[in-house]
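Q: Now for the letters of each chain:
2 protein chains.
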Amino acid sequence: MFKAVVTINFKKSILDPQGNAVYKALKSLGYESVRDVRIGKHIEVNLDVETKEKAEAELKEMCDKLLANPVIEDYYIEVSEVEA
Amino acid sequence: MFKAVVTINFKKSILDPQGNAVYKALKSLGYESVRDVRIGKHIEVNLDVETKEKAEAELKEMCDKLLANPVIEDYYIEVSEVEA
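Each protein sequence line maps, in turn, to chains A and B.
Using the numbering used here, you'd call the opening residue of the first sequence number 883 and step up by one each time.
Using the numbering used here, you'd call the opening residue of the second sequence number 883 and step up by one each time.
Worth flagging that the hints you see were computed from the coordinates, not collected in a lab.
Treat the hints with caution; some may be incorrect.
Since the list gives no way to pick one copy over another, a pair counts as held whenever it fits inside one copy or between any two copies.
[Stated by the list, open to error] Once the Cα atoms are required to be at most 27 Å apart in a straight line, the calculated DSS-like pairs of lysine-lysine come out as:
1) K885 <-> K906
2) K923 <-> K909
3) K936 <-> K906
4) K936 <-> K885
5) K934 <-> K885
6) K906 <-> K942
7) K923 <-> K942
8) K942 <-> K909
9) K909 <-> K934
10) K934 <-> K906
11) K936 <-> K947
12) K909 <-> K894
13) K947 <-> K885
14) K906 <-> K894
15) K942 <-> K894
16) K909 <-> K885
17) K923 <-> K947
18) K894 <-> K923
19) K947 <-> K934
20) K906 <-> K947
21) K936 <-> K909
22) K894 <-> K934
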C-alpha cells in the first residue's frame, strides 16, 4: 500500500482570490507582518499497487485527468510506502 | 523573511465529502487501486518577522483564529527561512 500526498497550487502567474481574501482578513486582524498568502489543495490518496513507480505514474495520470487543472495549476506528488 | 506552509485536514473522525466525491470519480474513471482520498488545504504564508519562533507563534495564532476550525480540523505548520 502506498500513500501519496498531492499538493496543488495555482501557477505563480495566476491570481489567487481566496489567498488574497485571507491575506486581507489577516491584516484586518492586526497581523502586520504577513506579506503574501497563497491557498492550494492538499490531497492524500491511498493506493493499493505493487510498486512506488506504478503509484507515481497512476497519480500523475489522475492529476492530469481529474485532480488538477494543468492550464492554471501546478502539482507535485510525494509517494511513500505505508502498512496495508 | 519566513515562509510557512500550513496544512489543514479534517480530523480522522470527520467525514470528508469532497474527498469521497473525488474517490468515487477516480473509481468511475477506472482507477481500481484507489483506497481512500482525503482533501485538505495547503496554505503558504510569507511573514516578515525576526525569528523562526515568532513566525511559528504567529502562525499558530492565525490558525486558531482564522485559518482552521480546531473543532473539526487538524493543522500543522512548517516554517523555513527564505530570502527577503
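Q: Reference check for the pair K885 and K906, CA-CA at most 27 Å: within, between, both, or neither?
A: Result: close only across copies, 18 Å inter versus 35 Å intra.
Q: Taking 27 Å as the upper bound on the Cα-Cα distance, should K947 and K885 be classified as within, between, both, or neither?
A: within (19 Å within a copy, 31 Å between copies)
Q: Up to 27 Å between alpha-carbons, please classify K923 paired with K947: within, between, both or neither.
A: Answer is both; intra-copy 16 Å and inter-copy 20 Å each pass.
Q: Is it within, between, both, or neither for K934 and K885, if the alpha carbons may be no more than 27 Å apart?
A: Answer is within; shortest intra-copy Cα gap is 10 Å, inter-copy 30 Å.
Q: Given identical chains, is K936 near K909, meaning Cα to Cα at most 27 Å, within a copy, between copies, both, or neither?
A: between (45 Å within a copy, 17 Å between copies)
Q: Evaluate K906 and K947 at a C-alpha cut-off of 27 Å and name the case that applies: within, between, both or neither.
A: Classified as between; 14 Å across copies, 33 Å inside a copy.
Q: As a check of your reading, is K909 near K885 (CA-CA no more than 27 Å) within one copy, between copies, both or neither?
A: between (36 Å within a copy, 17 Å between copies)
Q: Under a CA distance limit of 27 Å, which applies to K936 and K906: within one copy, between copies, both, or neither?
A: between (42 Å within a copy, 20 Å between copies)
Q: How would you label the pair K947, K934 (within, between, both, or neither) given a Cα cut-off of 27 Å?
A: within (20 Å within a copy, 39 Å between copies)
Q: Evaluate K942 and K909 at a C-alpha cut-off of 27 Å and name the case that applies: within, between, both or neither.
A: For K942 and K909, only the inter-copy Cα distance (16 Å) is at most 27 Å; the intra-copy one is 37 Å.
Q: When Cα atoms must be at most 27 Å apart, do K909 and K894 count as within-copy, between-copy, both, or neither?
A: This pair counts as within: shortest intra-copy Cα distance 22 Å, inter-copy 31 Å.
Q: What label fits K936 with K885 when the C-alpha limit is 27 Å: within, between, both, or neither?
A: For K936 and K885, only the intra-copy Cα distance (12 Å) is at most 27 Å; the inter-copy one is 33 Å.
Checked against the numbered hints listed earlier, the structure breaks none of them; every hint is satisfied.
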